[in-house]
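Participant: Given next are the chains, with one letter for each unit.
2 protein chains.
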Amino acid sequence: MQTSLEDKYAHQIIPFAWPKGYSSDGVHAGLREDRNDMGWIFSEVPAQAAGTYTTNQFQAAPTKLTKNTINQDHKLQAVIMNSANANSCTGKQGDEDALTSQKLVADKLNIDANLVGVASTGIIGEMLPMDIIKKGISELKLTDNKEVTTAILTTDKHAKTISVQLDIDGTPVTISGFCKGSGMIHPKMATMLGFVVTDAKVQDGLLQEMLSKEVDTTFNQITVDGDTSTNDMVVTMANGLANNAEITKSSSDYSNFVEAFHAVLAELAKDIASDGEGATKLVEVNVKNAANHDDAQKVSKAIVGSNLVKSAIFGEDPNWGRIVAAIGQTDAKVDIDHTSIWLNKLPLVENSHGAGFDEAEMKNALSSNKITILVDLNSGSSEGQAWGCDLTYNYVRINASYSS
Amino acid sequence: MQTSLEDKYAHQIIPFAWPKGYSSDGVHAGLREDRNDMGWIFSEVPAQAAGTYTTNQFQAAPTKLTKNTINQDHKLQAVIMNSANANSCTGKQGDEDALTSQKLVADKLNIDANLVGVASTGIIGEMLPMDIIKKGISELKLTDNKEVTTAILTTDKHAKTISVQLDIDGTPVTISGFCKGSGMIHPKMATMLGFVVTDAKVQDGLLQEMLSKEVDTTFNQITVDGDTSTNDMVVTMANGLANNAEITKSSSDYSNFVEAFHAVLAELAKDIASDGEGATKLVEVNVKNAANHDDAQKVSKAIVGSNLVKSAIFGEDPNWGRIVAAIGQTDAKVDIDHTSIWLNKLPLVENSHGAGFDEAEMKNALSSNKITILVDLNSGSSEGQAWGCDLTYNYVRINASYSS
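Residue numbers (our numbering), protein chains in the order written: chain B, 17 to 420; chain U, 17 to 420.
These aren't lab readings, by the way, just hints derived from the structure by calculation.
Hints are not guaranteed to be accurate.
No copy labels: a pair is met if it fits in one copy or bridges any two.
To be verified - In the DSS-like style, the derived pairs of lysine-lysine whose C-alpha atoms are separated by at most 27 angstroms in a straight line are:
#	residue 1	residue 2
1	80	150
2	314	349
3	124	304
4	217	108
5	304	83
6	304	108
7	286	304
8	265	83
9	349	83
10	91	361
11	150	314
12	349	108
13	349	80
Quick caveat: nothing in here was measured; it's all calculated off a predicted structure.
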């Protein structure tokens, strides 16, 4: 019996909610003029924690601190966050400021400083105004509100959140994620501030393994502008308060949990791509029949990363030569005479030639706000996926005047 | 005694002219509405020839043909060129059309087909209209005019030409180059159609070695949009009609000739960068104190390739965090606490911190139409250079509506 697409998934998306034992808050401390700019999340009990971090050599102070903190014991109980200032390229003073924030939060929550993560996003190279940071921390409360999801935004147009629920051995478990994206998005390990919290009980050490693996096919497969930030970080916490049978690699529900976890990361990643700076369209590229998974990932990311492809999609122009050129720039194995491409299911390129499509039909497909490109490399049986957005006047406008 | 900067060079730039024995022409054959679209160059005698070609896996038919032709004997006597149609992704018919063009030119000039190069640029994926190509070839004459330099342009705003002259052992020798650039410019071996012709007598085999080496630090160090074309090609011809003492690696004038040859390639490359699609500013990045030459090349190219840096320069915004982020994205050795950056000679970053520059002075520097960024990596003693342009509304406008 065939299962429908929906039946395939053991999890379901629910309205955004905190899993058991998590509370949170967001406030306007004064780093920005009139929007939330500081927030935190807190777990009643120490949670297993995992993180992936930017590979940019100039790693920001909070990113380094959170990495070191998680690596000690893979435990976190709280994360403090701010937007408007990245605390990056701020030298020793920046390191001290991140440490001070960590300690202030630990004191206020009466927990060990080694259980506090610190995350910042915003302009690079300016010192954190610590009086404002202190004021913000003093104002944060433990509530059920979702204000933290807006407190981390910069040029994002909307908060990016998702909650999924699934049963682990009969016990309901929730995984909730939120993130910010928008510009300087071309993650090499993780993107600019993503957080995933769950009440699932997960075997010690397994969370990091899962995160590192799933980030590769989700956050690491999006690009807005090819620029990798100094502050990229995805942090995940699992506090076990759902009281499910512990998830191990041999549990029967292991693959269901990984699938749900993947779905949370993938939805957040896609949301970042579609809300890329100035974007009007989400672009999804699926590659099939690649020689191996790496090739499929590489080709899909090259296409969503091409300025020419991105400009053509903004202009709703079926200029497929640019897609072919982007494929050919990679070192992936390509059958150069038998590569085919579909755009929103319409044949665009057949065996490396124009597919002789109907211009009006194609124009109509291109007018959609979601463009799905499927590439058949005819070189194997592997698949890969990547997400990006179009390149618009607004991207240039936004980035021609960010710091001043 | 100190020599002045001018005295350092054994060559001088002269008004654009063909070296001895070369003739040329350009015509409006009808591939485009009202501008020159076909042209050729011809040498009275077979010339030593060398080429570098795109590394894009989808190599266009004329690019493959010219590569094969040059590789047979490293000799050319003529090159036929067209714009408006790249003859790329055109399958067997495209290969046949390139061969037909080669043969028609050989017949008309009464030379061997193996002495004719073919170069095309323009839209990918459309068949060459051979009736127009035939008409164009039939109309081309052997003249002293420079029409071929405009016949190869696409979205370029102006023809890119340069001639330098130098003495080889007392005999004047001329090197003249022309090219087209504008978009899909991120050469991996060579850029979209560059031609350098000289009347110098050069030892057999030496021209290819020189070209391959000098292209690496000139054409391969420019980027407009990070996209590598399917048609990139630089071809150079040396017909020996200057009657100089043959240039060999051991001639006393060898380094002078290489320097002049490098200058021609570098000037053309810079001209492509400053005339990048939509560009308002030329951006030159110089990297010093790198661990090795590769690192210096990589870092300089990463900076000119960053959309965020390019947008900031368009907006005349001294957002140096983006330059730092671009440097950190590379795997080059970087002293992350002691990296310094200057913009048009004003200190911008000192030891990885903001240099505390005067905003008004910096704004004034940024208003220039040439932005020179100097980066000190404090990791060695090697240097490198790259060129690019700003990212503007017009880049998006031009590329949102190219094919339609």
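Participant: Failing hints, ascending?
Facilitator: 3, 4, 5, 10, 11
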